[in-house]
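J.: In case you want the letters, here they are:
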Amino acid sequence: MERIAYLIRRILEMILVVLVVAVLNFTLIHLAPGDVAVYMAGMEAGPEYIATIRHEYGLDLPLHIQMGRYMSRFLHGDFGRSFTRGEPVVDIIMNRMPATLLLMGSSLILGAVLGTLGGALAARHIGSKVDYLISGLCVAAYSTPVFWLGLILIYAFSVHLNWFPSSGMMSFLEEQRGIVDTLRHMALPVLSLTVYFIGQNIKVARASVAEAMQDDYITTFRAVGFRERTVFLNHALRNALLPIVSMTGLQFTQLTAGAVLTETVFSWPGMGQLVFQAVLSRDYPLIMGGYILMSIMVVLFTLLVDFIYVVLDPRIELK
Amino acid sequence: MTPYENHTLLEVQDLRMHYRLASGAVLKAVDGVTFSIRRGDKLGLIGESGCGKTSIAMTLMGLLPENASIRGGSILYEGGDVLSYSPKQWREFRWEKVSMVFQSAMNALDPVYRVGKQLSDVYRLHRKCSKEDANKHVEDLFKLTGLPVSRIRCYPHQLSGGMKQRVIIAMSLLCNPSLIIADEPTTGLDVIIQDQIMREIVSLIDQLGLSMLLVSHDVSVVTETCKKILVMYGGKVAEYGDIADVFDNPSHPYTMGLLEAFPNIQGPIKGLAALPGTPPNLAVDLIGCRFAPRCPRKEALCEEEDPPGAKLHGNHVAFCHFAGDPGIKSVNYCELNG
Amino acid sequence: MNLRGKGRLIRELVRQKMAMIGFFVVCIFFLIAVLLQSLPIPDPFALSLYPFHPPSSEHFMGTDNLGRDLFSRVLWGTRASLLVGILSAGLSAVIGIIIGGIAGYYGGWIDDLSSRITDVFLVMPIFFLLILIVSLFGSHIFFAIFSIGLVTWPRNARIMRAQALALKKRAYVTAAIGSGASSLRVLFFHVVPNGVSPVIAYTVILIGQAVLVEAGLSFLGLGDPNVISWGQLIRSGQQSFANAWWISFFPGLMLVVMVSAVNFFGDGLSVALNPRMMRR
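Chains as they are written, first to last, in the numbering used here: chain U, 1 to 319; chain Y, 1 to 338; chain G, 1 to 280.
So that you can see chain U by itself, here it is in the shape it has in the complex:
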């Protein structure tokens, strides 16, 4: 079937992305000024440790052999060892992955749902003053730096109103932890991350719904006697979903950027904050590992969205 062929091709493309990321990592660290061994071992490392690293990674060998070894390690899931924490990079990062997924996932879903609703509403009242106002607010929303918004939210809702905690994912005391506690901790970070995406989504949804309402089959289904609400939900909105889902797929990369910044502001114990700390301590294996694993995550999410899109649109074909 056409649609399965399309999905297979997408999977192959995504695999290529991950491979390119791996190659980029390798290339960049070798292009950087200075000794690769020092990058991998850390600035503070003693000469014996540096020599060990040099030997372990074969950094004296010709480049193409190094690349081969690197790719082979990569395919086995060995992304190096963090010198600040002394553990394999993969383990450290996978430990932090769920927290980031929680943050990113919530923002994505919330942004998509609220954005679609807002856009559909705006499409109903297109051209009105309210519409202009909403559109203007949307532009401001995706022009706002997420970390600045985070700081403001902390100040307003945490420091002043004390409604929500200002950092972390759970409370310090064991007995306070739980779902509600985590939700309370999530509120502000998710909000600051979501505002950006609601802005983008409302814009796309509004145009998409307005266009779908102009389609010919809307007339058909009104003519046959369906109520306006049914026509809107089953036909206009259903077709309008396609560009919205497409857009969501493109938002993952921005989501990862937002995640790093938000986690830093809120001290959220996820991958993003980890990478930030790695940058501070120049722990390159960790930085690179973060880049790779984040790429893999984006790839997986993108494939998921592709899958959803193929289910929604029967017209997909191999180009």
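It is worth saying that the hints were derived from the structure and are not from the lab.
List of simulated lysine to aspartate or glutamate pairs, EDC-like, C-alpha gap at most 20 Å:
{"id": "1", "chain 1": "Y", "residue 1": "K88", "chain 2": "U", "residue 2": "E228"}
{"id": "2", "chain 1": "Y", "residue 1": "K28", "chain 2": "Y", "residue 2": "E303"}
{"id": "3", "chain 1": "Y", "residue 1": "K227", "chain 2": "Y", "residue 2": "E11"}
{"id": "4", "chain 1": "Y", "residue 1": "K117", "chain 2": "U", "residue 2": "D216"}
{"id": "5", "chain 1": "Y", "residue 1": "K28", "chain 2": "Y", "residue 2": "E304"}
{"id": "6", "chain 1": "Y", "residue 1": "K143", "chain 2": "Y", "residue 2": "E200"}
{"id": "7", "chain 1": "G", "residue 1": "K17", "chain 2": "U", "residue 2": "D131"}
{"id": "8", "chain 1": "Y", "residue 1": "K143", "chain 2": "Y", "residue 2": "D133"}
{"id": "9", "chain 1": "Y", "residue 1": "K128", "chain 2": "Y", "residue 2": "D140"}
{"id": "10", "chain 1": "Y", "residue 1": "K117", "chain 2": "U", "residue 2": "D313"}
{"id": "11", "chain 1": "Y", "residue 1": "K143", "chain 2": "Y", "residue 2": "D121"}
{"id": "12", "chain 1": "Y", "residue 1": "K28", "chain 2": "Y", "residue 2": "E66"}
None of these values were measured; they are calculated from a predicted model.
Following the hints, put chains Y and G in place on chain U, whose structure we already have.
T.: Same frame as chain U, now just chains Y and G:
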């Protein structure tokens, strides 16, 4: 004007419908149109774009946009006043008594659902029945319209233009209506298929004993398929009557122009006549005959007074001051064009 | 685009009120950035005896942790943002036009290769890549500009490619080829100028995104330490936000204003270049 017959299905009297434009002006899209359709009739509604024919079709189906309003006249279906129907009555009328076949150029089907599902959903909206019964009915209609039953589970983009049009036809027949409004049903199809589809439509209409209102800008299609013709110009009726009468004795200069513009393979070779001028602006109040600015026979009277309907043979009526005068027998547009 | 086309474009553009406001605001920022030294504002590096001073008539935006006038520092930040935004977007556009134009016009392996690269970059987390690059190679501002430009050209290339593909069949292209022009000449003197409009529209929006990316990098401490930038200012006010909210607040507000202005202008440009879509 039209004799009331016992089996009159639809009677439209002096219908007036206006659009309110964004600029505030009022566009008189339908300005006093009268016609009737009996059981088994096939009426062709013909005119240029903007003459009001599609507006009439939309009015009959209750599909007018928000800025449109009925300003006068009546629409009687089997004696019932359609314009004062309650929403419940509209639900029993629309698609049950009168349905529509849309232009094939339109994307009249939703691209994300299978065609069989779209049809059975419509059927189940009107008749409470199980999915299996609805599917069976859809299958029957597929067979009736000449569609392979295997295509029921196809998506619209997987069907050819002709097949899609047959699906639209099948859709119009779902609830056994008595009147089918066909709005330019073959525009956009290639010429060979056009002919085929049109003949299939007519054959279905005859087979099922239905009536048809064919809206078209193409004289040839109308003359081949319809028994009565209503020529519209500028929102008003120009000429109306049985096809034979109108064709043999066109009495409105516009009709004459239309018929002359249509090349006749059997007759003497004439130049192709094009009607000079442009359609009138219906947003402006017009005095006198709408067609006067383009009429080669116009006189002072035409620009002052609205022409009354001149009764001719049988049903035949023409709205021209000089209708029936032997002098204007055949206005030769070819001469005018040089 | 001929002269008549340009006139119509300007007229369409002026009709979009928000776009003109956006353009106006960006112009003001531009003037500020250019005329910085001549402006009657205090020295942004001058320490004073009044750190953490709230906004007052003397210091419109208050002072920071070292007593430096925040208003002046915020104005100085304009320069960094505009520099990074415009230059990196410009670089991205130039590379994108060249590669996309060649890919669309010539097709073949160049097209396949650039399409693959484009697809890869669209899915890659670019911010992470930039973090890696800057932490490896240093945070000099021109390096940041260079990196952002190098990482964002693919989308521009895709737009240009689509245009080149469509335009290479036009009559004036065949005419130019027929009159003996070399294919490169045809590409860059005929195809590109006529197809460049959507690239320009996207590049304007890219300016805004580049500004936000730079701010993000600066906030994380990866910005050029010698240049005053808004992201850096927000970072410096982070610890003391509860007591001296203005230090982080005003630079961020400036970011919102500038990026919004750029986006409004970019949207208006898109609509003016293609009036068929998104008509209210």
